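2 protein chains.
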Amino acid sequence: MLGNIGTYTYTIDAYLTDFRGKATLPMIGGFMLQAATRHAEERGFGYSCMVSKQRVWVLTRMNIQLSGYPDNDTQIKLHTWVSDVNKLFTERCFAFEDQNGNYFGYARSLWASIDIQTRRATNVLELEGMTDFISDKECPIDSAGKIVPAKDSELADSFIVKYSDIDINKHLNSMKYIEHFVDIFPLELYQKKEIKGFEINYITEGKYASELSIFKKEISDNIYSLDMRHDDKAICVARVTWK
Amino acid sequence: MLGNIGTYTYTIDAYLTDFRGKATLPMIGGFMLQAATRHAEERGFGYSCMVSKQRVWVLTRMNIQLSGYPDNDTQIKLHTWVSDVNKLFTERCFAFEDQNGNYFGYARSLWASIDIQTRRATNVLELEGMTDFISDKECPIDSAGKIVPAKDSELADSFIVKYSDIDINKHLNSMKYIEHFVDIFPLELYQKKEIKGFEINYITEGKYASELSIFKKEISDNIYSLDMRHDDKAICVARVTWK
Chain F
1 MLGNIGTYTY TIDAYLTDFR GKATLPMIGG FMLQAATRHA EERGFGYSCM VSKQRVWVLT
61 RMNIQLSGYP DNDTQIKLHT WVSDVNKLFT ERCFAFEDQN GNYFGYARSL WASIDIQTRR
121 ATNVLELEGM TDFISDKECP IDSAGKIVPA KDSELADSFI VKYSDIDINK HLNSMKYIEH
181 FVDIFPLELY QKKEIKGFEI NYITEGKYAS ELSIFKKEIS DNIYSLDMRH DDKAICVARV
241 TWK
Chain E
1 MLGNIGTYTY TIDAYLTDFR GKATLPMIGG FMLQAATRHA EERGFGYSCM VSKQRVWVLT
61 RMNIQLSGYP DNDTQIKLHT WVSDVNKLFT ERCFAFEDQN GNYFGYARSL WASIDIQTRR
121 ATNVLELEGM TDFISDKECP IDSAGKIVPA KDSELADSFI VKYSDIDINK HLNSMKYIEH
181 FVDIFPLELY QKKEIKGFEI NYITEGKYAS ELSIFKKEIS DNIYSLDMRH DDKAICVARV
241 TWK
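Protein sequence lines correspond, in order, to chains F and E.
So in UniProt numbering, the last one in the first sequence is 243, and the numbering has no gaps at all.
So in UniProt numbering, the last one in the second sequence is 243, and the numbering has no gaps at all.
Be careful, since some hints might not be right.
The list treats identical chains as one, so a pair stands whether inside a single copy or across any two.
To be verified - Quick list of in silico lysine-lysine cross-link-like pairs, DSS-like style, CA-CA up to 27 Å:
id, residue 1, residue 2
1, K77, K151
2, K77, K196
3, K233, K193
4, K193, K162
If you're looking for bench data, these hints aren't it; they were derived computationally from the structure.
As the structure is a prediction and not an experimental result, all values here were calculated from the model.
Please build the complete structure, drawing on both the sequences and the hints.
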């Protein structure tokens with residue numbers, strides 16, 4: 001029988017790392033998506049199962065806290081488990097272990113289950129047996145909370161949503177939000193510091209061919225509020241902590 | 001003892017596929033990079049080994065021919081092997097196998113070895129023992145040849161090279177060239193057809209913060225010539241065949 005905690009190994013390939021030869025936040029986010037998908041699939045709650053029930057998982061919030069980024073040509077282990085299930089959301093946790101067995105970070109994420117046609121939330125508790133997989137393994141960071149976008153933030157960049165940006169749900173891929181967010185910071189900052197905290201709230205879908213703008217404000221030393229908008233409608237809010 | 005052919009398994013994760021629920025060309029390119037890196041690493045010619053000799057591998061040309069794209073939640077096997085080694089280049093081939101054991105494509109790639117400091121080509125034959133790994137396994141497509149950019153092509157898009165675009169060599173990541181190229185085609189084309197042939201010549205490095213422009217011309221039915229330029233200097237040329 002499968003345990004409640006899934007452990008998956010990923011390699012930090014040299015030619016897919018950033019200029020520092022280190023894993024990137026979107027890369028780690030991609031591993032998280034892969035591990036979540038695999039963990040759910042193995043336990044009967046993966047994409048195919050959900051589609052057969054006319055549903056898909058939608059990532060709603062995430063809180064990622066990292067003490068550093070693994071080097072190229074190393075392997076990491078991602079441990080993931082479901083920590084809570086309620087009507088609206090399931091909470092999934094992650095622990096990141098480097099190849100020396102040291103933990104370099106944790107994450108918590110909230111997922112909603114929406115109806116494929118209506119795009120409206122469905123009751124997660126209706127997914128029979130899902131609560132059986134809840135684990136009480138410790139995840140020593142806060143749950144992914146609600147982020148209020150900063151006032152008076154300034155336009156940092158804008159982009160058109162393209163083919164490579166959209167996922168199987170036909171909206172901006174959860175990891176592409178992160179990629180567009182991390183890209184607004186200058187390379188000099190990556191040379192001196194690292195993003196140690198990344199919190200995100202996905203609000204509504206970024207659609208193909210629409211123009212999205214990113215607004216930025218340094219709300220306190222090393223802490224930035226970022227938000228993405230389309231025609232003044234909030235698409236996504238994030239808080240980035242550099243150290 | 002390791003054989004000359006490396007076989008690696010990759011999963012087409014639902015939430016990382018395109019809107020059709022199928023693998024994307026940049027995703028397949030990423031798997032190729034991962035398999036190439038792994039195959040080389042296992043045989044003593046990977047990134048770390050090369051860096052210890054003050055060298056890095058640079059992807060120069062690629063010819064990818066696919067009969068289709070694998071679906072989400074399936075696994076593919078990538079077979080890769082070195083088919084030729086000469087002073088200037090090593091040729092690496094790929095065969096793509098779906099989870100039913102059917103081959104859905106092949107690729108050939110040319111790699112140069114450059115000096116980390118001078119960025120100039122070094123003699124690949126100096127890498128002792130590398131020729132021992134040459135395999136005569138068949139790869140039923142043409143070698144990646146030289147592509148001449150079309151005349152009178154039109155500006156299709158332009159972009160600034162950002163943090164997420166650059167790799168450990170501090171130039172535009174080989175797969176990001178592909179991502180920027182595939183993004184210039186409208187979604188309607190992806191709904192009706194597929195990219196069945198993708199050939200690329202990497203000419204010079206796309207640098208951080210520089211603006212790159214993409215020029216496009218349909219040179220014959222379903223065949224497009226694409227090229228990337230910076231200040232009228234050719235960065236990269238590609239030929240894309242839709243079917």
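Okay, the hints, checked on the actual structure:
no.: 1; hint: K77 to K151; verdict: neither (39 Å within a copy, 50 Å between copies)
no.: 2; hint: K77 to K196; verdict: within (19 Å within a copy, 35 Å between copies)
no.: 3; hint: K233 to K193; verdict: neither (32 Å within a copy, 34 Å between copies)
no.: 4; hint: K193 to K162; verdict: between (30 Å within a copy, 17 Å between copies)
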